[in-house]
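We have chain A; now place chain B onto it with these hints.
Residue-level listing of the chains:
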Amino acid sequence: MDSIIADIVATLTTPAGLAALGQVIMIDLVLAGDNAIVIGLAAAGLPAEQRNKAILLGILAATGLRIIFASVTVQLLAIVGLLLAGGILLLWVCWKMWRELRGPHHNPDAAAALADGAAPTKTLRQAALQIIVADVSMSLDNVLAVAGAAREHPTALIFGLGLSIVLMGLAANFIARLLDKHRWIAYVGLAIILYVAGDMIYRGFIEVRPYVVSLLT
Amino acid sequence: MLELLSESPIPFPLILPTVSLLLLAVAGSFALHGWWSGQARAGDTVTSWDIAAALTFLGCAAAILGEIEHVIEYLWLNDTRTKPANG
Numbered sequence: 001m002d003s004i005i006a007d008i009v010a011t012l013t014t015p016a017g018l019a020a021l022g023q024v025i026m027i028d029l030v031l032a033g034d035n036a037i038v039i040g041l042a043a044a045g046l047p048a049e050q051r052n053k054a055i056l057l058g059i060l061a062a063t064g065l066r067i068i069f070a071s072v073t074v075q076l077l078a079i080v081g082l083l084l085a086g087g088i089l090l091l092w093v094c095w096k097m098w099r100e101l102r103g104p105h106h107n108p109d110a111a112a113a114l115a116d117g118a119a120p121t122k123t124l125r126q127a128a129l130q131i132i133v134a135d136v137s138m139s140l141d142n143v144l145a146v147a148g149a150a151r152e153h154p155t156a157l158i159f160g161l162g163l164s165i166v167l168m169g170l171a172a173n174f175i176a177r178l179l180d181k182h183r184w185i186a187y188v189g190l191a192i193i194l195y196v197a198g199d200m201i202y203r204g205f206i207e208v209r210p211y212v213v214s215l216l217t
Numbered sequence: 001m002l003e004l005l006s007e008s009p010i011p012f013p014l015i016l017p018t019v020s021l022l023l024l025a026v027a028g029s030f031a032l033h034g035w036w037s038g039q040a041r042a043g044d045t046v047t048s049w050d051i052a053a054a055l056t057f058l059g060c061a062a063a064i065l066g067e068i069e070h071v072i073e074y075l076w077l078n079d080t081r082t083k084p085a086n087g
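Each protein sequence line maps, in turn, to chains A and B. The opening position of the first sequence corresponds to residue 1 in my numbering, with each subsequent residue numbered one higher. The opening position of the second sequence corresponds to residue 1 in my numbering, with each subsequent residue numbered one higher.
Worth double-checking, as some hints may not be accurate.
Among the chain B residues that face chain A by a calculated CB cut under 8 Å, a handful are [said to hold, decoys possible]:
hint : residue
1    : Cys60
2    : Ala61
3    : Val71
Estimated spans, in silico, between C-beta atoms of each pair [to be verified]:
hint : chain 1 : residue 1 : chain 2 : residue 2 : range
4    : A       : Gly103    : B       : Leu22     : 31 to 39 Å
5    : B       : Ala40     : A       : Val166    : 19 to 27 Å
6    : B       : Gly38     : A       : Ala78     : 49 to 57 Å
7    : B       : Ala40     : A       : Glu207    : 43 to 51 Å
Think of the hints as simulated: they come from the structure by calculation, not from any bench. Given the structure is predicted, the values throughout are model-derived calculations rather than measurements. Where is the CB? At the ideal position from N, CA and C, for every residue including glycine.
For reference, chain A alone in the conformation it holds in the complex (with noise of 0.2 Å):
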């Protein structure tokens, strides 16, 4: 325990340790971004109060899904066109929520029989499944790539996960405000997913031509 509480003021009060602090903050920085886009992407749609739940399943979910992907990165490594695979699934995600940009919210009639009392286009399943699905693709990209960082840098990186929450948890409630009051920022947040999705397969593809030519000749 004192070794701990000695860690932990040896990080607060030395340059050092102030740097190594403000390289996990910077790659934690980078690594929720993503999720937080997409969690407040999905959310947006959702009537106010599922709009909490789906944004707390969304955490919990990258959370969980980082800790199992991060205790199995070794063979997670061994398996090729993981990325690639990441990727469509990611695309998959932005395919439905463009559909779904594309629906009442931009169609008026779609929107006055929502407002009769139609059953809303969007339920707390669909985007449920929506944010899990981006959650195992960018949090899978997100652990592949730090992969050599997390063996050297344990505690450092279980400072980053609780970071990681926090930042997502607000991130992701401010986006999804901002997107049920100003609808068109969503296209913008659905490029930037496109661009994860995007780099995703085109990196993936890079790691599995190779195997492919191979077969083919």
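Just chain B now, with coordinates in the frame of chain A:
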């Protein structure tokens, strides 16, 4: 533009994550202002909450475009260079 970036005191791979950190910090202060002054979160007028949300969104976007691989490569390479070799 690239020349300007290359002369920046912040290393190139850390520019977007740093911008992101700054945006989130400013977003945090706007959110605190909104909370402190008791501004309504919903409504048609633009409040501190809206500015905080927009800055958070931009901060997250900058973080994503910052590419984690480059950040880790830079930070950990520097870390191992500054550490004395064991044995």
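Okay, the hints, checked on the actual structure:
1. Cys60: holds (4 Å)
2. Ala61: For Ala61 (chain B), the interface hint holds, since the closest Cβ of chain A sits about 5 Å away, which is under 8 Å.
3. Val71: holds (6 Å)
4. A:Gly103 to B:Leu22: 31 to 39 Å: The hinted range 31 to 39 Å holds for Gly103 (chain A) and Leu22 (chain B), with Cβ atoms some 36 Å apart.
5. B:Ala40 to A:Val166: 19 to 27 Å: Because 24 Å falls inside the window, the suggested range holds.
6. B:Gly38 to A:Ala78: 49 to 57 Å: Roughly 55 Å apart at Cβ, these two residues keep to the hinted range, so it holds.
7. B:Ala40 to A:Glu207: 43 to 51 Å: Distance hint for Ala40 (chain B), Glu207 (chain A) holds at roughly 50 Å.
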